[in-house]
Amino acid sequence: MGGESMTHTAPRSGGPSTGPVGSRTGQRLSGLAVALGLVLFLGGFAWGAVVYRPYTVPTSSMTPTIDAGDRILAQRVDGGEVRRGDVVVFKDATWANAPMVKRVVAIGGDTVSCCQDGKLEVNGKEIDETYLPQGTPAEMSNFPTVTVPKGRLFLLGDERGNSVDSTAHLTDAASGTVARSAVDARVDSVVWPMKGMLERPTGFEPLGALSSPGPLRTITLLVIAGAVLVLGGGAYGPVAKRTGAARARRESGEPAGVG
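Add 64 to a position in the sequence shown, counting from 1, and you land on the number used in the working numbering.
It is worth saying that the hints were derived from the structure and are not from the lab.
Here are the simulated distance ranges between beta carbons:
| hint | residue 1 | residue 2 | range |
| --- | --- | --- | --- |
| 1 | Ala299 | Thr194 | 43 to 51 Å |
| 2 | Ala299 | Asp142 | 39 to 47 Å |
| 3 | Glu263 | Gly182 | 15 to 23 Å |
| 4 | Asp236 | Thr284 | 34 to 42 Å |
Backbone N, C-alpha and C fix where the C-beta goes; we use that ideal spot for every residue, glycine too.
With the hints as extra help, turn the sequences into a complete structure.
Written out as structure tokens, the structure is:
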């Protein structure tokens, strides 16, 4: 009696996979990267919103540091933190009923005058104002020595010939000075067009320490790192799927064995 010999072969796994793509470790690391990236990305934006305020500068009185129409980020600070050389946003009713942007050149107790050898003098020292338009004098006309009262600031625009600043208010009761409490923020960066962080006004260093830059660079790094982690973690699934599909195609080209 003849009998048929039947050979059973194990089914090959070449069909579409319905399970998770990639190894379990890869999936966990991918999920962790996305979660951490979201924390960094959203946390960076939240931190920036708390620390900084955006402004648009309507005039050219701070050219070339800040041009008309430039978008700036200013760090919220207490007026007591302001130092010489800082570019600040302030509001003083005797100047204008709107925020203004000027540079602090003298603080309470300082004496300021102009001009000796074409340069501003603070406490008897000539100030090298590298931020001024090249080749222009520190002032278009001289002004007498002003002693800044305690708790107040003397402010000038970087475009001295086109700036309504402390020199335009010398006949006021406070000799053109502004109270520290009028300061809302300190300008850290011009973000549009992207000019970057303001240069440190090193000409004021002989008179005392300068302000430190705000945390804008750290915030930017957090946002960028978060975006990279989110994109990298999210890309793991598609990459693992393509890799698995390529491996499956290579394996399906091998001859099936029989026993």
